[in-house]
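*Asks:* Chain by chain, the residues run as shown.
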Amino acid sequence: MAYFARRFAFFVATLWAAVTLNFLIPRLQPGDPAEAMVSRLVGRSESVDPAQVEAVRLMLGTPEGNLLDQYVHYLGAVLRGDFGISYSYFPYPVTHMIGQALPWTVVLVGVTQILSFVVGTLLGAWAAYRRNSRTDSVITLGSTFIGTLPFFWVALLLVYVFAITLRWFPERGGYGGGSSPGWNWLFISDAFQHSVLPGLALLITGPIGWIIGMRNNMVQHLGEEHTRLAVARGLPRRRIALAYGARIAILPNVTGFAIALGGLVGGTVLVETVFNYPGMGRLLLEAVSNRDYPLMQAIFLFVTIGVLVANFLADVLYGVLDPWVRRAETT
Amino acid sequence: MSTSVPAVPVPGADPERVQATAVDLGRRSWLPGWFLILWRNRKCRIGLVMLAGFALVALLAPVLAPADPRDDSFPTSAGPSAAHWLGTTAQGEDVLSQLIFGARTSLVVGIAAGALSTLIGLVVGLTAGYRQGLVDEVLSFVINLGLVVPTLPLMVTLAAYSPVRGQWLIVLVISVTGWAYGARVKRSQIITLRTRDYVTAARFAGDRTARIIAREIVPNMTSLIVAGFMGATLGAIGGEAGLAFLGLGDPQTVSWGGMLNEASLGGAMLTGQWAWLIAPGLALSLLITSFTLVNFGVDALSKSAPAAGPDRLHSRPSTGPLP
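Respectively, the protein sequence lines represent chains U and B.
For the first sequence, my numbering begins at 216 and goes up steadily by one.
For the second sequence, my numbering begins at 1058 and goes up steadily by one.
Next comes chain B alone, as it looks inside the complex (with noise of 0.2 Å):
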């Protein structure tokens, strides 16, 4: 076990040896540079099979659980046996079973409410960093009023006065609350790129603005914004369970949160159902541990980004056989 920090290699100590390494890696094996990064840093490496183990659960769930999620057929507030391993819901529905199911709800919700609050909080932080003056000034101040108004109360707000509360409603809740932190990283990391040589080279060679942003600028962001996808997607992860656990999820799926909220209302802990209790935050706190663990990977790698010059990792030439 690692008890001193540094003594163990961390890929990313030295950026320009962990290109090498990649570019290097990258020659001898079918596998992208960046993805061997991320499998060399131990904790990194625990965190993608976590994740992709939480992934074959949620694609398979069909064929692992074994009841349908909703099926109340089943004795009511039974503790766990043989047929029911983790035991029955008060309306007489199988845990295991809705366990198997919530993985799908958190993954889908998480990754989905992520990749948009990325997507806005890109938007906004790259316009703001690239145009600066008022433009900057103005979605700044936006920005900084995402930061400081507080997400909880707001999604609840906005969840409380829609109609229907489906799956995809629930992801446009949480990116439009949780965007604001992405966008201020994006936002300082693009004033710092935006007077490279390469890019004042295609502001004279007479490029547009957007193409500047997507040739020059975004490619050398791509790790930070992996990063920040992460970041975001832990968040959602956690307020699609916050919002399901007060009631406010989406009422036709089964999760994790909704679980809990079930559990508590059901009346677990005068059963004394621990199991149900206890399972569905443990899963939680076991997807949010995986996120966490592959964001110290992608650290690394995001601090292997040159300071100048375009970024080897992902601009590498063709993975064929011999360059």
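Just chain U, same shape as in the assembly (with noise of 0.2 Å):
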């Protein structure tokens, strides 16, 4: 149990310290934050919307007070859900806002995740059984290659050829105009014509991470002393690869889900930029671009504790499926 309480801990403790550096970040500029951007925004634009004061106000807290006063002030809005009033969406709450988009990432960076879970470890698992022969090299140098490819321009090509050139695919958006959301067929086939391109963008480089963990642990693990004797034992050489290297093999590679999910963020950022596709990466953006602070801050915060419970949900995964992990962490 040792093992999870230390898991936990972690957990809060980054949940604290992304909280805290959300609130740290719009004060690291010189002078009063909410001052200063009220006149940025004016520098900008003639008149200032009253609104848009309001709403920065709201976010920065008091700026009266001290920096432990907002500080708790903030921490307590936090605590509450009370994120503000969107700017660029007045008279919205941004919580509003979050809700809106959140279902479009999650389902896409859900389903693409899993897929290339299982395309990568299988194709890695492949290569490893296959080890040294052509197989192995034209998937280990295939990957290689791709994931040199910059995440963008994959999607920008994906348009060109198959929206664009060949209109296939719509280019752009999470649904047509003739459906709206709602559990109808119709809304449901429109959103799905439109993920296959985004979720193309990601699947492409997706399953790199996974192929390449899987292959060098299986590999390595294939090589070790129980192997050894699974094969002077006389065992199908297939129930070796799979009983005794892919089923070790597997296991650092649910650890490499934490690593590869803070990643796979900054990739769904700029796919659904590519794509306008209308989740949380292209809300964060357009938020960037309206100066709509309080939206932009509390993205950034779903965004991150999103990783966050993932990692841990990974962290809790791997020390249930490894007797190891909790012995070791408990002496």
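Just so you know, these hints were derived from the structure itself, not from any lab.
Treat the hints loosely; a few may be bogus.
[Said to hold, decoys possible] What follows is a list of derived Cβ distance ranges for each label pair:
{"hint": "1", "chain 1": "U", "residue 1": "Q435", "chain 2": "B", "residue 2": "G1136", "range": "47 to 53 Å"}
{"hint": "2", "chain 1": "B", "residue 1": "L1226", "chain 2": "U", "residue 2": "R295", "range": "30 to 36 Å"}
{"hint": "3", "chain 1": "B", "residue 1": "V1233", "chain 2": "U", "residue 2": "E439", "range": "39 to 45 Å"}
{"hint": "4", "chain 1": "U", "residue 1": "V535", "chain 2": "B", "residue 2": "L1343", "range": "25 to 31 Å"}
A quick note: this is a predicted structure, and the numbers were derived from the prediction, not measured.
Glycine is no exception: its CB is placed at the ideal position from the N, C-alpha and C atoms.
Join the two chains into one complex using the hints; note that each chain is given alone, in its own frame.
*Replies:* The structure is reproduced here in structure tokens:
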């Protein structure tokens, strides 16, 4: 149990650190952050919308109080789930906007991530099973090569080829004008069509980490004593590869998930921008270009918390799957 | 072509032999031994040549480029022609000139941010690994936090708050968000190094901690630091391109990511300007490939680092004709 307690403590600590980071970033600039923000808005346009000033004040709390007062105020607001009013989507609260964008990203990232994991692990295991063969080098070198392709460029080329030139799929958005979000067939099939290209963009580069990780782990395990014993016992090759190599090699890939996810979120921001997909990434960028600071801060916090929760779940899963981890941490 | 990886004699398979080769080669040549090891690795050699090509293009950009990258006096949205090999942008700028100048941005930002994040990672990782105890606990927590916080959203948020987005601010933002992985690797390396006999000897001899780290430990981590630097530079090049593509780069400089942003917004797809769309991405991809290839050689070098004792690759006696 000590392992789980430790992981939970880490999770809570990182959660606190992320919330605090979110508090500190706008205050890094010298002077009163609210004044600075408002004056920058003034510099950009002639008249400042009072609503915007109000939104900034709400987000930053009472600028009169000292930093500690502001921090306490901010923590209280976060605990209540009060992230202020979005400026660019006035008068909607920030949480409303995030609530609308979140499902798109969760479904897109969730589905592509699971597919990437399955495809990557299978390809990696296959490469390790046929190690040093032509199959192995095609898979290994191929994934190294694809890994060098810039994420958003692949997405742009997909749009160019499949949406604009061939017209197989819609080029942008999450659903067409003819349908409205809801549990009806028209919307679901429409949303699916719109998600094919963004999903493909995430899937092309997604499995690479899993392939390399799985292959290297499995090759290592296939060279160990217990595998050689299995060979000596005359067990079938395929069974040895699956039961002695793949089963153990898959474990570190579970923790690899943690590090992969942070990068994946970044990729999602880029892909959603290319496809104008109505998820969190595009909303973040929109907030940035509209200088909608309350919305921007809240999205950053939500995305970070999402990654932290996923990390924690991966840690727990790892602990459940691998008894050695639990024992090692106890002693 | 090498279809089977182990069939190719990769330098680094046998540490002792590699070192002996290095010392041997170093005696016979004016080039340093580490360079010869890198050069003998075929993948690494290709990478070095490609990288040198990019560096040359970046250095000679004003000579090579047919026009100023921001000169918008040409016909707009033109396809490839004899006058403009890669066509022109929607503003009427020469795409080839932008591509050539873009090499500068990618290399400068990549290398600067790579170096800075390596330095941050080195300082944090070394301190955590060497001091241990509470310092280590706190720093390890910071490292782990840096690993899990999603990088691009953090970069976007930091960049959004900066009133002026100059090139050096981009470098700073990338470094501040990208040092954690290197720090973790260096921390675990120093933990294995700090109990070595020669470190203990230095401590008994009364050397200060800073001196022990600088003179006894860092020289033995050189290849690891170089490999970390290559990785950080790769990440920084990608990060710069991503930020510029999102329109959050330095608006004053031309960069490949920025070109793709302009191509996407400027309707390159609708006008069918495939060259404008393909060239910057391909250039990015080739630059990243060349760093990846060089890293294969650096990996071989770091695996050849000896288990104990001073690393002869780095503390080789003077390159004079006779030892």
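*Asks:* Which hints from the list above does the structure break, by number from lowest to highest?
*Replies:* The structure breaks only hint 4.
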